[in-house]
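Visitor: Sequence:
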Amino acid sequence: MFRPLRAALTSAQGMTDSDDTTAIRTPSTGTVIWATVATTAGVVVLGLLTGTALLLLGLLVYLPAFAAALCSPRQTALVSAWVSLVVIAPVVFQPGERVLNRVILTLFAVGFGALAVYGARMRITREGALVRLRSTAAAMQRQILRPLPLLTDDVLVDGVYEPLQEDKLVGGDIYDVVATPWGTRVLIGDVQGKGLPAIGMAIDVVGAFREAAHREPTVTALVDALEAAVVRHNDYAGQRDEPERFVTALVLGVDTGTGTQLVGCGHIPPYLLHEGVVTAVGTGEEHVPLGLASLVGDPRTVAWFDFPPGATLLLCTDGLTEARSPEGDFYPLEARLGGRGDITAGPLITSLIADVRDFTAGVQQDDLAVLAVRRAPHQAP
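The opening position of the sequence shown corresponds to residue 843 in my numbering, with each subsequent residue numbered one higher.
Fair warning: there could be bad hints in the mix.
[Said to hold, decoys possible] Restraint-style ranges between C-beta atoms, simulated for each label pair:
1. Thr1186 <-> Tyr904: 57 to 63 Å
2. Thr1163 <-> Gly1035: 14 to 20 Å
3. Pro869 <-> Asp1148: 53 to 59 Å
4. Gly1049 <-> Ser1167: 45 to 51 Å
5. Ser1167 <-> Tyr904: 33 to 39 Å
6. Phe1172 <-> Pro1219: 49 to 55 Å
7. Arg867 <-> Arg1199: 19 to 25 Å
8. Thr1060 <-> Gly1035: 26 to 32 Å
The set of hints was computed from the structure by calculation and includes no laboratory data. Note that the structure is a prediction, hence the values are computed from the model and not measured. We treat Cβ as the ideally placed atom computed from N, Cα and C, and that holds for glycine.
Use the sequences and the hints to build the structure in full.
Guide: Take a look at the structure:
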């Protein structure tokens, strides 16, 4: 498992500075030129009409500062050079009694322009480092999460995972499906926090799930193994003075019988879709997230529910349930599932994601992981 991780790290860290710059959004040079000339013309015309041209020209000194916050260093240098020329022109062509004030204004324009270019370069460097870090985390995360759909003797699992990579580091959404001698084990979870520390926890949890799923015959023992993995990771993190993290998770045990096992560890309960009816399962039987079992005395127990042939279970992270509309309303998942009771796994995911994007006007606020677990239609009792 570590060889593809090393390859992902090497690929992400091998990005050049030019790659970082292209990944950072800046306005086009034409837009910058048009806005700069229009602003200058407005200031000059207003100054001539009011007889305060020198005073208003002083406002142009701050124009490169705005460019430094939005534009590339080259564009900021262009704006700074233009402002310097506009401020210097009256000194050269219209010398008079206020020449000293104009010289001082010119020095300010040149000085502020140089600082603006330096500030733009520092901003691009910092944002480039953040882009590289996001790319590294996203590459690592995609290496540990298996591509969908996944098929076992018991279920077909389809879904989508969309990490959020704008303005924030990618989060720790995880999932996995393992076929074992005791049936199919399905995991979906969300690591607290974002960035490489969250990805490190995700690697440990997914690795523990894949190993323990083949070793532990019961779902509760499998969850106990995940708990131990999270505790060990937090112990190592504490030695490095890093904060401890917990993991919300949901583990399913599906075999040839219609009765299905579920252990919820602080995670969103799944929805069962069958014969046009949508039902939340496992509600009221949730346990604390992984990593927090020592805070409670009761052991985790299994919730049983009926998962008939041809039915579909929808599992998701809070990137779906906490998606917001432009008005600030949360996505009403259960209500939106009402018309999709008999849809198969692939079309269910496709239509649901399209509906979420329409609900949020295309704005993604968090990492999004959604799984549709379709029971094989002809299961033996």
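Visitor: Could you run down the list of hints and mark each one as holding or not?
Guide: Going through the hints against the structure:
Between Thr1186 and Tyr904 the CB atoms are about 59 Å apart, so this pair conforms to the stated range of 57 to 63 Å. Checked against the given bound of 14 to 20 Å, the beta carbons of Thr1163 and Gly1035, roughly 19 Å apart, stay inside it. Here the CB-CB span from Pro869 to Asp1148 is close to 57 Å, well matched to the stated 53 to 59 Å. Range check, Gly1049 to Ser1167: Cβ separation about 38 Å, and the 45 to 51 Å hint is violated.
Checked against the hint of 33 to 39 Å, the pair Ser1167 and Tyr904 passes, with Cβ atoms roughly 37 Å apart. Our hint of 49 to 55 Å for Phe1172 and Pro1219 is violated, since their Cβ atoms are close to 34 Å apart. For the pair Arg867 and Arg1199, the beta carbons lie near 20 Å from each other, so the given range of 19 to 25 Å is met. At about 30 Å, the beta-carbon gap between Thr1060 and Gly1035 stays in the expected band of 26 to 32 Å.
Violation of the numbered hints given earlier is confined to hints 4 and 6; the remaining hints are satisfied by the structure.
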